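J.: One-letter residues, chain by chain:
2 protein chains.
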Amino acid sequence: MKDPKAPIGVFDSGVGGLTVLKALRRLLPREEFLYFGDTARVPYGGKPLAMVRRFAWEIAGFLLRQGVKAIVVACNTASSAALPDLAEDLSVPVFGVVEPAARAARGFRKVGLIGTQATVESGAYPRYVDLAWAKACPLLVPLVEEGLWDDPVALLVARHYLEDAPKDLEALILGCTHYPFLKGAIGAVLPGVALLDSAELTAQEVARALEAEGLLNPEGQGRTLHFVTGDPEAYRALAERLGEKVEAVRRVSLEEL
Amino acid sequence: MKDPKAPIGVFDSGVGGLTVLKALRRLLPREEFLYFGDTARVPYGGKPLAMVRRFAWEIAGFLLRQGVKAIVVACNTASSAALPDLAEDLSVPVFGVVEPAARAARGFRKVGLIGTQATVESGAYPRYVDLAWAKACPLLVPLVEEGLWDDPVALLVARHYLEDAPKDLEALILGCTHYPFLKGAIGAVLPGVALLDSAELTAQEVARALEAEGLLNPEGQGRTLHFVTGDPEAYRALAERLGEKVEAVRRVSLEEL
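For the protein sequence lines, the chains are A and U, in the order given.
Read in order, the letters of the first sequence are residues 1 to 257 in the working numbering.
Read in order, the letters of the second sequence are residues 1001 to 1257 in the working numbering.
Hints listed in this document are in silico derivations from the structure and should not be mistaken for laboratory results.
Keep in mind that a hint or two might mislead.
Residues from chain A that face chain U, not an exhaustive set, calculated with beta carbons under 8 angstroms [to be verified]:
| # | residue |
| --- | --- |
| 1 | 138 |
| 2 | 146 |
| 3 | 160 |
| 4 | 231 |
Stretch-level coverage of chain U by chain A, calculated; a stretch enters the list once three of its residues show a Cβ under 8 angstroms from a Cβ in chain A [said to hold, decoys possible]:
| # | region |
| --- | --- |
| 5 | 1096–1102 |
| 6 | 1136–1148 |
Predicted model only: the values in this text are computed from it and were never measured.
All residues carry an ideal CB built from backbone N, CA and C; glycine is no exception.
Turn these sequences into a full structure, and let the hints guide you.
T.: In structure tokens, the structure reads:
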């Protein structure tokens, strides 16, 4: 039997999954979290899917060895590459970020998707929703990792990627956990289009499922321990620019995975 | 005794080193080349130096097993991380891209450097030249890898990074082999500043050294075989946008390194 007091593991290629972590902590303030940012190997989006799948398995294994009771793959590329296999083969509940946003998109008539190249090419979203338009946007992750979401550059890059979107798009899936930081720029280019952000929707699904399985922590304090494969201080600085106060961060070498 | 008819190995994290390859092929039209682009792990610039050093050793080992007579580390981050050790410990001549550009910079009074974070923080350039200004520009490599060097985005990003450069800069070292593609944008932001591109300078050094060691190939045909760790077709498409006609490309899995 899994221990309800065990932490929830959340992972992403870098800082993007912090949007999901934040939504989880708001909905589940009594949980403890382990957040894993694979900052030495970010970005995942241009890498072969098989490689990203291997990274996802490595990190899931690491988190399980830390004793997590559930795993949230807070990265669309990794979710596209590793789910549903990971969920079927692990002994703890595993949640991805693709399905929640794709389901929400079904309520709209004409839906677009932006994501990394790997996510767009994986075909993960069309399993759940018909897409009228999809575009890979390789520069958006580095733009966020560089902290430039409020810079005029963000608007120009968003325009570059979105200029050929259909004029009658009703909703756009932000198919990468980094993209919510760019909502301002994306919304300015596509006014009136609903921007579907998987962070909140995924957090709701996690909360529902943990409650249904009797896995909610009755006495946690909402702490987060961060693990990164790259430089911890660079991570701390960037995470804090993104509004995440990093109390504790540990460097994990790739050999430990 | 090394075989003068053996190929020259050239490597980079991605397509940036093609600027060096092109300069080499122009100066040494009778050589054969192996070009290695570590496209599954690009970019190197934000990764810990120790990791980049390991990558450089892995790739050098792979190229040696292919029988190269010399190795050109056509990547500033890898040159900063792995040289001079790599040159001291291998049995073939090894050339980096840092020293040639840094030497050329000594002819100017006020010199600046742009490069990846790892290159700037490594202190590799100050070993050879005093720098009045240095700046890490993490977005420039993804911008080139995305093929956007002629897009208005390039100008805006260049301005973002260069706006605090001293007004009386005489020369700027393009401390990354991807940056020559951005010469237009960089030159527009810093008119009148000499842009020092290591590709040509490194090729000259390689040509001189191979001649001095009697290692020039009398009868090669200027062919290049490309190796990549990521998707070969994506590489071919991008390389061709950069003006490199890719006749032969082979995928190398990271396990083969």
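J.: What are the numbers of the hints the structure violates, in ascending order?
T.: 5
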